[in-house]
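A.B. asks: Position chains B, C and D relative to chain A; hints supplied.
Protein chains: 4
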Amino acid sequence: MDSLDVHSEILFNSYMISRVGVTGIKKQASIIRNGKTNVLSLVIEVAVDLPSYMKGSHLSRNAEVLAEIVDDSLQNPVNSLEDLAKKISLELLEKHSYAKHAEVSIDADFYLMRGMREDKESLEPFTLHAISISTKEGDKIKTSKHIGVEVLGMTACPCAMETCRSFLINDHSNEETFLNSIPVISHNQRNRVTLFIEVPDDKIVNAEDMIDIVESSFSSPTYNILKRIDEGRVVWQAHENPKFVEDVVRDVLTKVVNKYTDLPDEVHVSVKSVSEESIHKYNAYADRSTTIGELRSKKMEN
Amino acid sequence: MDSLDVHSEILFNSYMISRVGVTGIKKQASIIRNGKTNVLSLVIEVAVDLPSYMKGSHLSRNAEVLAEIVDDSLQNPVNSLEDLAKKISLELLEKHSYAKHAEVSIDADFYLMRGMREDKESLEPFTLHAISISTKEGDKIKTSKHIGVEVLGMTACPCAMETCRSFLINDHSNEETFLNSIPVISHNQRNRVTLFIEVPDDKIVNAEDMIDIVESSFSSPTYNILKRIDEGRVVWQAHENPKFVEDVVRDVLTKVVNKYTDLPDEVHVSVKSVSEESIHKYNAYADRSTTIGELRSKKMEN
Amino acid sequence: MDSLDVHSEILFNSYMISRVGVTGIKKQASIIRNGKTNVLSLVIEVAVDLPSYMKGSHLSRNAEVLAEIVDDSLQNPVNSLEDLAKKISLELLEKHSYAKHAEVSIDADFYLMRGMREDKESLEPFTLHAISISTKEGDKIKTSKHIGVEVLGMTACPCAMETCRSFLINDHSNEETFLNSIPVISHNQRNRVTLFIEVPDDKIVNAEDMIDIVESSFSSPTYNILKRIDEGRVVWQAHENPKFVEDVVRDVLTKVVNKYTDLPDEVHVSVKSVSEESIHKYNAYADRSTTIGELRSKKMEN
Amino acid sequence: MDSLDVHSEILFNSYMISRVGVTGIKKQASIIRNGKTNVLSLVIEVAVDLPSYMKGSHLSRNAEVLAEIVDDSLQNPVNSLEDLAKKISLELLEKHSYAKHAEVSIDADFYLMRGMREDKESLEPFTLHAISISTKEGDKIKTSKHIGVEVLGMTACPCAMETCRSFLINDHSNEETFLNSIPVISHNQRNRVTLFIEVPDDKIVNAEDMIDIVESSFSSPTYNILKRIDEGRVVWQAHENPKFVEDVVRDVLTKVVNKYTDLPDEVHVSVKSVSEESIHKYNAYADRSTTIGELRSKKMEN
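Which chain is which? The protein sequence lines are A, B, C and D, in order.
Start counting the first sequence at 9; every next residue gets the next number (our numbering).
Start counting the second sequence at 9; every next residue gets the next number (our numbering).
Start counting the third sequence at 9; every next residue gets the next number (our numbering).
Start counting the fourth sequence at 9; every next residue gets the next number (our numbering).
Accuracy of the hints is not assured; some may be wrong.
One copy or two, either will do: identical chains are not told apart, so a pair holds if it fits within one copy or between any two.
[Unchecked claim] Below, a list of computed lysine to aspartate or glutamate pairs in the DMTMM-like style, where the Cα atoms sit at most 20 Å apart:
no., residue 1, residue 2
1, K108, E145
2, K44, D79
3, K128, D80
4, K267, E158
5, K63, D217
6, K211, D91
7, K63, E248
I should point out that these hints are in silico values taken from the structure, not numbers from a laboratory.
These figures come from a predicted structure and were not determined experimentally.
Bound conformation, chain A alone (with noise of 0.2 Å):
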């Protein structure tokens, strides 16, 4: 052993170390996507296991593995942001050899063309994540990568709405049946939800597609250009279809269940709503981790 390679040094009756690695490492990607290269901004972090015999890990691999993968899609677009993610952990395994676990987790902003209407469209900003896992048991490695969404939107609370009601009703009881017919004032908020799926490698799962599924969520997706009858369409829409984060949780499973019936049942999904409460100075959540078999058994579950 060389005696400036201090990582190398053998230790004895040590502990194993679950993940060493390096996190927010900054870099650029290119993705293709329908024919169109994206250029992303990523925040990366990756990570091995160390043996306990081991006293360091090489940490200059991560480093020269991001540069040769990450840096080279730039000349050569990978086809998605998950693809580039298992890239990387399998070269990572491949490079730190004493290594049987490796893990890759990728942030990335994305901008798709949005608007109420053609003519104020605009780019809306969405966060990509990717993250891959290789482990290797004897000569084999098993690889996993999931695709991640995060979607900014609007909820409209149901509960308030109706109090609301009440009391208009309360005040005005000849015009119930006028009241029961509108939406009536609620409180609502920016709503933040983050999808992942589990992309099994012979399936592909398309972000946009999934994007689409959490902004149709939403009591109401939202809008960088808005004039002012396209905003009272936006609020108007909110308070028709007003939600729980509970609901958006439930409506986004809902909707992966329907639209991913060629995933196997060991897949991997995950939803998380965030509701900044315009009433309160906290946020409330809802979230659910289960598999795509979980959810199309479910009976009533509890």
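C.D. replies: Chains B, C and D in isolation, oriented as in the chain A frame:
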């Protein structure tokens, strides 16, 4: 000169530095307010200027000054956060004899009991800010101090409300009179207001009064605990009282002018309102930074 | 059912939700530690599960539970942050009768006197974390509680030190013996360690002891006030004691095993060390999450 | 007036608002630099003033201006981020006819190839900032634009190095001459420098040159990929070149004055250096905000 005192090395033909200091110092302090001791968690930044002929500022003196004054307040509580800031800025000039200018900025978590009903009160979080600037001119030292409050509340949009009212009237023209008499749906959201007021030495500006001014300038204050009926009342109040960020800023300014009739014209006042728009993925804001004299003399300014 | 109780609406063929709760709730609490009352600033997250047949969780009950238990601690201080978390998680199951699972997570600023010398001591900031999870199985409730500490310190890199030593020896081969006897230059940086230990009901794990374990596992602890000689001593100590993030994690694990001989094997322990690398724009980290029994039985694990 | 145009309501005896705008708008833009197209992820804030007689600013016009100018750059790349900011500030004055003042601030991720050796180069992250302010006076519009860069590097402390050298000499007085000839241990850490320069209309200030100025003013630049020998070289260079935050600021100022001899005296320059102290839990910083004329005429200023 001590050869180890690298900071005191004499430079020729160099630049002065406006501020050299430390930031992100976390401490606790005790303040007595209305006879009650409050223990506050602080984040502190302090800086002094450095003349062109001196290599480095003695940074350890900043930490010593803070230990002396802030740690000591836990045994001997001070009257206000801005008094604490002032004590520090004066002591900085004392300890850094080469400095002509000292700046201190303190952020603190602060809590007050709040509730829609007496039996549903609980501790609500606020933020205090204090600033003190001391300047040496010859033998004289001029010091200013400022107290700031940061408060979360709720605004409902007046414009979207009128648009939605027009939608309703359009569909139900026979209900026009009734629809003009009730609050109708709009977008509403969390709003964050920061208000700063300069405090002359012979005056007292109470942070709790400033919090009251801000809370009463939202469409509605917000609360930790809201049972169903209370939630309805908050929503109702917000929609009876729709406001743009501009309205919030102007209402705070008006109340400051009306409340602090004893403050001299040159007292500095600033207000900022940030709305976490429920219908957009971005925030809207308005701000004004001025003197109370300017506000008093306002006519059609523009 | 009350028609306004939208949350209690019965659903058919829907999904259960793993967690529905609130996050970012700011409060103060009082803890008695070693006969001394500490007022802590908290940020709290609580959640319970929601069965598939129920539309919504009663979120206002969470705020009520927190007002009852946390606000009350200001008058009646509790013994530890993890006891506070446990009280809350049990009360959540009580108040949400439909829930089988309750989770509580609390972050708190915490301060201790520290210094290189007695006359230069001052308040240094730390972070405490507490977690409690309660689960109902039939009539029985199982509860766990965990206490965590987050501590900043300093590491110097053992590998770069040996490389720089080899540079020096290369240029000054006649000084080889001397150069092998002194600490030589390396990169060093801020390191953030988080240590969690599960606390069985009949045991006490003192957060201050955990902070001591972590501080003694860095290359050197760091301090608020460092006069010139003390600064030299901290640097010297760090370079006498160079450490990778892996070393920090392993040293903390070893000390936990040695200190807590009375904790049962199934007690959960986790450690993470993050190094804000001075030679890179990104951070390095290592972590291990395991049980104290696993650590005790470690042999050449890998 | 359109009765739905709530913003245009005429107010009497109200206050003007300094800034009404939107913040946190995320977009992508294309910039051509040295014949190469860069796709940048932006975060944008824009605001205009509002006269006292007008109830509200037309916020949707801001989003329209950004869609028009920023989204369009993806097809028709602009020359620089500061040109983009200027285009926006001028268009804001055009669209908000009541405004006399428009401010635009843009942050952008930016990447350059960097490395200690040609075969170990990789994309390193930087941040660009652009500011433009346009003011209408009668028929005339005055516009300024500023470009800023934010760069991470490394500093080693000159003071702790001399203290540690004195410790060594004290213990090994016979090695004094040798010890005075080599770099000895010190604390070192990540340092973040922000440099802004105003860009007159007829001049070009290249952000890449500014990044070079900053990187050469640290004790050493830092890199993504560092094999063992390179790591040693970075550490060595940093310790051959120890610097306080004050030194970093002064060296950047000196280089700016020397490089930009063609910029007129009134051009605004500001520099800030923040050191994430490895021996403290808090940061140290120094800053100077001035004009290039002031810097040129500096004598013993203080």
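A.B. asks: A separate judgement is required for each hint: does it hold in the structure or not?
C.D. replies: Status of each hint after checking the structure:
1. K108 - E145: within (7 Å within a copy, 37 Å between copies)
2. K44 - D79: both (19 Å within a copy, 16 Å between copies)
3. K128 - D80: Between copies only: 13 Å across, 36 Å inside.
4. K267 - E158: Close inside one copy (18 Å), not across copies (43 Å); limit 20 Å.
5. K63 - D217: The answer is neither: 45 Å in one copy and 27 Å across copies each exceed 20 Å.
6. K211 - D91: Result: close within a single copy only, 12 Å intra versus 45 Å inter.
7. K63 - E248: between (61 Å within a copy, 18 Å between copies)
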